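Engineer: In order, the protein sequence lines correspond to chains A and B.
Residue 466, in this note's numbering, is where the first sequence stops; the numbers in between run on with no holes.
Residue 466, in this note's numbering, is where the second sequence stops; the numbers in between run on with no holes.
I should point out that these hints are in silico values taken from the structure, not numbers from a laboratory.
Being a predicted model, the structure only gives us computed values, none of them experimental.
Beta carbons: idealized from backbone N, C-alpha and C, even for Gly.
Some hints could be false.
FRET-style restraints, in silico, Cβ to Cβ [to be verified]: (1) B/Glu-380 with A/Thr-428: 47 to 57 Å; (2) B/Glu-422 with A/Ala-312: 35 to 45 Å; (3) A/Gly-316 with B/Gly-326: 22 to 32 Å.
With a cut-off of at most 20 Å between alpha-carbon atoms, the simulated DMTMM-like pairs for lysine to aspartate or glutamate come out as follows [unchecked claim]: (4) A/Lys-384 with B/Glu-442; (5) B/Lys-334 with B/Glu-347; (6) B/Lys-452 with A/Glu-381; (7) B/Lys-452 with A/Asp-378; (8) B/Lys-464 with A/Asp-382; (9) B/Lys-464 with B/Glu-448; (10) A/Lys-464 with A/Glu-448; (11) A/Lys-345 with B/Asp-382; (12) A/Lys-452 with B/Asp-430; (13) A/Lys-464 with B/Asp-397; (14) A/Lys-452 with A/Glu-442; (15) B/Lys-389 with A/Glu-350; (16) A/Lys-218 with A/Glu-350; (17) B/Lys-389 with A/Glu-307; (18) A/Lys-452 with A/Asp-462; (19) A/Lys-384 with B/Asp-382; (20) B/Lys-384 with A/Asp-378; (21) A/Lys-384 with B/Asp-430; (22) A/Lys-334 with A/Glu-199.
2 protein chains.
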Amino acid sequence: MTASTAPLFDRVAIIGIGLIGSSLARAVAEYGLARTVVCGDRSEAACIKAMELGIVDAAYTDPVTAVDGADLVVLATPVGTFAAVAEEIGLSLAPGAIVTDVGSVKQVVLRDVAPSLPDGVHLVPGHPVAGTEHSGPEAGFAALFQGRWCILTPPPGTQAEATEKVAELWRRCGSKVEIMEASHHDRVLAITSHLPHLIAYTIVGTAADLEEDTKSEVIKFSAGGFRDFTRIAASDPVMWRDVFLNNREAVLEILQRFTEDLTALQRAIRWGEGDLLQETFTKTRAIRRGIIDAKQA
Amino acid sequence: MTASTAPLFDRVAIIGIGLIGSSLARAVAEYGLARTVVCGDRSEAACIKAMELGIVDAAYTDPVTAVDGADLVVLATPVGTFAAVAEEIGLSLAPGAIVTDVGSVKQVVLRDVAPSLPDGVHLVPGHPVAGTEHSGPEAGFAALFQGRWCILTPPPGTQAEATEKVAELWRRCGSKVEIMEASHHDRVLAITSHLPHLIAYTIVGTAADLEEDTKSEVIKFSAGGFRDFTRIAASDPVMWRDVFLNNREAVLEILQRFTEDLTALQRAIRWGEGDLLQETFTKTRAIRRGIIDAKQA
Numbered sequence: 170m171t172a173s174t175a176p177l178f179d180r181v182a183i184i185g186i187g188l189i190g191s192s193l194a195r196a197v198a199e200y201g202l203a204r205t206v207v208c209g210d211r212s213e214a215a216c217i218k219a220m221e222l223g224i225v226d227a228a229y230t231d232p233v234t235a236v237d238g239a240d241l242v243v244l245a246t247p248v249g250t251f252a253a254v255a256e257e258i259g260l261s262l263a264p265g266a267i268v269t270d271v272g273s274v275k276q277v278v279l280r281d282v283a284p285s286l287p288d289g290v291h292l293v294p295g296h297p298v299a300g301t302e303h304s305g306p307e308a309g310f311a312a313l314f315q316g317r318w319c320i321l322t323p324p325p326g327t328q329a330e331a332t333e334k335v336a337e338l339w340r341r342c343g344s345k346v347e348i349m350e351a352s353h354h355d356r357v358l359a360i361t362s363h364l365p366h367l368i369a370y371t372i373v374g375t376a377a378d379l380e381e382d383t384k385s386e387v388i389k390f391s392a393g394g395f396r397d398f399t400r401i402a403a404s405d406p407v408m409w410r411d412v413f414l415n416n417r418e419a420v421l422e423i424l425q426r427f428t429e430d431l432t433a434l435q436r437a438i439r440w441g442e443g444d445l446l447q448e449t450f451t452k453t454r455a456i457r458r459g460i461i462d463a464k465q466a
Numbered sequence: 170m171t172a173s174t175a176p177l178f179d180r181v182a183i184i185g186i187g188l189i190g191s192s193l194a195r196a197v198a199e200y201g202l203a204r205t206v207v208c209g210d211r212s213e214a215a216c217i218k219a220m221e222l223g224i225v226d227a228a229y230t231d232p233v234t235a236v237d238g239a240d241l242v243v244l245a246t247p248v249g250t251f252a253a254v255a256e257e258i259g260l261s262l263a264p265g266a267i268v269t270d271v272g273s274v275k276q277v278v279l280r281d282v283a284p285s286l287p288d289g290v291h292l293v294p295g296h297p298v299a300g301t302e303h304s305g306p307e308a309g310f311a312a313l314f315q316g317r318w319c320i321l322t323p324p325p326g327t328q329a330e331a332t333e334k335v336a337e338l339w340r341r342c343g344s345k346v347e348i349m350e351a352s353h354h355d356r357v358l359a360i361t362s363h364l365p366h367l368i369a370y371t372i373v374g375t376a377a378d379l380e381e382d383t384k385s386e387v388i389k390f391s392a393g394g395f396r397d398f399t400r401i402a403a404s405d406p407v408m409w410r411d412v413f414l415n416n417r418e419a420v421l422e423i424l425q426r427f428t429e430d431l432t433a434l435q436r437a438i439r440w441g442e443g444d445l446l447q448e449t450f451t452k453t454r455a456i457r458r459g460i461i462d463a464k465q466a
């Protein structure tokens, strides 16, 4: 066995076996990244499903039991639960264990998780920028992280070896790893992920409030652009509630810019300013080309 | 040859050989819907490309020549050009010819095209609700209309046989056909298509205005939701400028509802009202299920 194929961890415990947690469990098993992978999930149904799917070696409804003896603990529940979970498992963590997470906001991890971790346990917050609109253990797949970015936001003073082990975990899942400050992460993701989801939820909500007969026509003729928004707006409601509650400042700031820009286009439509519309619709193409060139399309 | 496979038309002239026009040209040839299909396009490059691709029997930069002897003329240029094109070709149309279009707004067709058509020429406005973010004759494909809706908006008094022939054309392209009033079409499409495009253009525009280094990170981490918007916002700028200029009232009305709903969510984020967020994010799932059930996902 060469160094690059040896398991990185002895026992990985994934808390929350939803789309991301179950995808990571599959990847850990498929790519041989740990000798054992277990999960903890409050939902007994999720635990049973995870065992049926054969994606974990053991599943526990009690997170304390799940993390017992784990050298890597991955928090994969909605970020609003992190403080409670960390408090519950904190004292049961093995000395030298690494705690990471897959949350879409990162400053909150330092605020909510760090205080509950004993000395000698390493916190390396992470965010795999990948996902689908589906939820639950059956929605996951090992290839979800292939070619995608994973952002790590270790606070100053984090043990370099711990950060490197988490980075290597994601690289072996097929991801590219970037390290940045938590506050910077939260600003960038506010525009690339949080605002798009908020907008998609809003427009689908606006449609949901239409009279019944119009609503059925909206569904019928959704291929004109609307259906792409419905896909985004089908993402997990609790996960996204927690994202917005925990990245308030950055989301409100980018939302303000968005609203100004939308108001300018609204005015251009009202006053028939075709040049301004065409100019705006043209400059957006450069961004699309950048995404295609970066192979993120 | 059975009735259902006999050509519907003798000579089809498609004015504007972009994504939709070239897809229709391909479908007409592939499914044997006309003996001859020609195109007219102001762009000599587009005409040459269409001939190289072998998707038309002849291509003309002069629309008057293109429509000569055609029993079906399809306007597939941006809707802002319809008045000028109709005025130019009107007197050259063969008696009994049918004129249709593929524009995304329909009241404007009655306003801009009808006045230029001589007696005995039938106007059956149409809108295939299908498309991609790509433009130009090379972007088209015959299967684009398969399983999609095509909406026809014949004004009162339109010859039933003419409407039926256009409907049959689209059915043989694989589409389902719906007939409604032009004003109703414009209201429904304002939410299913026009507003989503306006929002997508806005959010990508907001990102395009960010500082260079943030912008490159936005591209890098676009998989979190943003890239879906960039795809929509890569659609043809001139086509969309014309849509907004020609469906002003309906777009402004639905935009007003959207803005109210967005403001309510913004307020919920600011004040930490998690229940309202979760409730909104949950109700949108029913619409997504409707789209999946209607096989429009």
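Engineer: Confirm or reject each hint.
Structural biologist: Hint check:
Between B/Glu-380 and A/Thr-428 the Cβ separation comes to about 20 Å, which falls outside the hinted range of 47 to 57 Å. Checked against the hint of 35 to 45 Å, the C-beta distance between B/Glu-422 and A/Ala-312 comes to roughly 44 Å, which is consistent with it. For A/Gly-316 paired with B/Gly-326, a C-beta distance near 57 Å fails the hint of 22 to 32 Å. A C-alpha spacing of about 27 Å is found between A/Lys-384 and B/Glu-442, which places the hinted pair above 20 Å, so the restraint is violated.
About 14 Å separates the Cα atoms of B/Lys-334 and B/Glu-347, which keeps this hinted pair within 20 Å; it holds. As the CA atoms of B/Lys-452 and A/Glu-381 are separated by approximately 14 Å, the hinted pair is consistent with the 20 Å bound. Pair hint B/Lys-452 plus A/Asp-378 holds up; C-alpha atoms about 10 Å apart against a cutoff of 20 Å. Restraint check: the Cα-Cα separation between B/Lys-464 and A/Asp-382 comes to about 18 Å, which is no more than 20 Å; the hinted pair holds.
Taking the CA atoms of B/Lys-464 and B/Glu-448, the gap is about 26 Å. The hint is violated against a cut of 20 Å. Only pairs whose Cα atoms come within 20 Å are accepted, and A/Lys-464 paired with A/Glu-448 is rejected, the gap being roughly 26 Å. With a C-alpha separation of about 19 Å, the suggested pairing of A/Lys-345 with B/Asp-382 holds against the 20 Å cut-off. Straight-line distance between C-alpha atoms of A/Lys-452 and B/Asp-430 comes to about 27 Å, which puts the hinted pair past the 20 Å bound.
A distance of roughly 14 Å separates the Cα atoms of A/Lys-464 and B/Asp-397; the hinted pair therefore holds under the 20 Å criterion. This hinted pair checks out: A/Lys-452 and A/Glu-442 have alpha carbons roughly 16 Å apart, not beyond 20 Å. Annotation: proposed proximity of B/Lys-389 to A/Glu-350 holds, straight-line Cα distance about 16 Å (limit 20 Å). With a C-alpha separation of about 36 Å, the suggested pair A/Lys-218 and A/Glu-350 falls outside the 20 Å cut-off, and the hint is violated.
A hinted pair counts as satisfied when its Cα atoms are at most 20 Å apart, and B/Lys-389 with A/Glu-307 does not qualify at roughly 28 Å. The suggested pairing of A/Lys-452 with A/Asp-462 holds, with an alpha-carbon distance near 16 Å, which does not exceed 20 Å. Proximity of A/Lys-384 to B/Asp-382 is assessed by CA-CA distance (about 42 Å); at most 20 Å being required, the pair is judged violated. Taken as a hint, the B/Lys-384 and A/Asp-378 pair is broken in the structure, with Cα atoms around 35 Å apart against an allowance of 20 Å.
Between A/Lys-384 and B/Asp-430 the alpha-carbon distance is near 17 Å, which keeps this suggested pair within the 20 Å criterion. For the proposed pair A/Lys-334 and A/Glu-199, the alpha carbon gap of about 18 Å is at most 20 Å, so the pair holds.
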